[in-house]
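Novice: Now for the letters of each chain:
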Amino acid sequence: MTYRGPQRVRIEDKPMPEIQHPQDAIVRVTRACICGSDLHLYNGNVPDTRVGETFGHEFIGVVEDLGSEVTNLKVGDQVIVPFNIACGKCTFCKQELYGNCHESNPQATAVGGIFGYSHIAGGYNGGQAEYVRVPYANVGPVVIPDWMHPDDAVMLTDVVPTGYQAAEMGGIQKGDTVAIFGAGPIGIMAAKCAWLFGAGRVIVFDQEDYRLEFAQRYAQCETYNFRSLKDPVLFMKKTTDSLGADVCIDAVGAEAAGDVLQTITGRKTLMQAGSATALQWAINSAKKGGIVSVVGVYGPTGNLVPIGNAVNKGLTIRGNQASVKRLLPRLIEHVKNGVIDPKAMITHRIPLEEVADAYRIFSDKLDGCIKTVLIPPSAKV
Amino acid sequence: MENKDKDYSHIKGWGIDADPKNDPTYPMRKRGNDDHTGYNWDRPTQQTETIEVLHSVERPNVTAVFGTSKPPKGLSGMIRRYAFQFGEGQFSHWLPLIVADRVDAIEGIVEDLKSGHIPNIFAEKGYKAQWKYNRTGVITKVAVATAVTTAVVLAFRRKCKD
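Chains as they are written, first to last, in the numbering used here: chain A, 1 to 381; chain B, 1001 to 1162.
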């Protein structure tokens, strides 16, 4: 697929990717998801998104070619490709901050390289394609275990690790009340994982009833449509003896609805780096001394958030892109033991050739869509 | 709000990753003193620059690897080069990049037409799916757009007559 401008994507023939660095691999894509954060690109909200780029940072595939320095993989391996591009050598990678690699993104220092995520994240083509160049192939890709279904594997490239890390960064202690804003795939997975850390109560907010119903079923959490609550923060206070949640998770990011001022300034006029409604609610709903975990994606400029309340309440705010490689061993174990069932979140499997319709279905939440997987014609599994 | 008496046996895996020592948790957890030694790690082999790569002024060099999806070109490329003179904390960096993106979209259409390809905007926007799954919404949008356009045209014509 290629991006042509806001809300315009299409299929195009592009040259086959080539080895450009001794640690590169060329991977034939067998599954690629559309992520909620792809919608920020799709809507033209991320600066330096260039016409002709290929999106897609959630993909798996088969190794077709390897650079001279790649020793961990062989041609024919089926691999999970983490969405972070990480060198494994810089000071940040050594701390397992694989989302913050300092040797993969020349255009911005805040974030490391990400496949198919504009030139703000390194200018790499993504995996919503038949073939893709995978840099630092010794570091990122993990061979898919024989027993694992490809649909589970593709969900381990981003959705599961990001949801898990959202809960992890919340520092959840046994019995904690966890409020999650957003019932997209990440929010639902964060709800599921909050239990693994011993949460006592998990509450999810969204405006889409079908997603809330799914979240309730999949993650066994309480769900509320914020449209029917008028003020979700007030509701959170009332339902926690007026104290607030121990942990609040922003699982929405820049596309959040629910606040007119945020929507106009953040989504319609781009005066801020996306609508920060979910983050605003998270800060205001947290208990004094509580923790706010942010995995929702925002642009690089600024946002209207109640930082004064965060200071006055003594909140700890943690955020980062998921460090996929770090989390994969534990998460593969969880999938094997049936603790997490990632593929159950996939509602739509669409041929890559119909990518424009796939984006529209996911973006406009049509046909009960939770998660869309694109299947390229070159996929043979 | 700990509730030790509550039964979570219906939730598979409840508490299996609970760790009272999970504080400070990620991303601070693995922080060590070796991160005080500056930018002097053993860098990976440098990828050859076969295209123009703009890099942040907040770093001294181009990273060891980089993407080559779309080098800057045309008017949008000129605007991007201008934007990259400024630091990442500056609006003078990001706002020109957004302008460049919009110019790039127009350049893309011009390029299509020059190569004899007429872009099918309706297909690119996925309106087929919208029509299939949200027909009422599409009809409503078209009706509202038509009504607004008609009102604007009528108002303009009335103004011209006056």
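Hints are computed from structural coordinates only; laboratory data are not their basis.
Any given hint could be a false lead.
25 Å max Cα-Cα, derived BS3-like pairs, lysine-lysine [stated by the list, open to error]:
1) K1132(B) to K237(A)
2) K174(A) to K14(A)
3) K1021(B) to K288(A)
4) K14(A) to K1030(B)
5) K336(A) to K380(A)
6) K365(A) to K1006(B)
7) K174(A) to K237(A)
8) K1141(B) to K365(A)
Chain A side only, calculated, beta carbon under 10 Å to chain B, not exhaustive [stated by the list, open to error]:
9) Y3
10) R4
11) W147
12) M148
13) H149
14) S228
15) K336
Which chain B residues stay away from chain A? Per the calculated CB distances, all over 10 Å, these [to be verified]:
16) H1010
17) I1011
18) V1053
19) L1054
20) K1070
21) L1075
22) Q1085
23) F1086
Backbone N, C-alpha and C fix where the C-beta goes; we use that ideal spot for every residue, glycine too.
Novice: Which numbered hints turn out to be false for this structure?
Specialist: Of the numbered hints, 1, 2, 4, 6, 11, 12, 13, 14, 15, 16, 17, 18, 19 and 20 do not hold.
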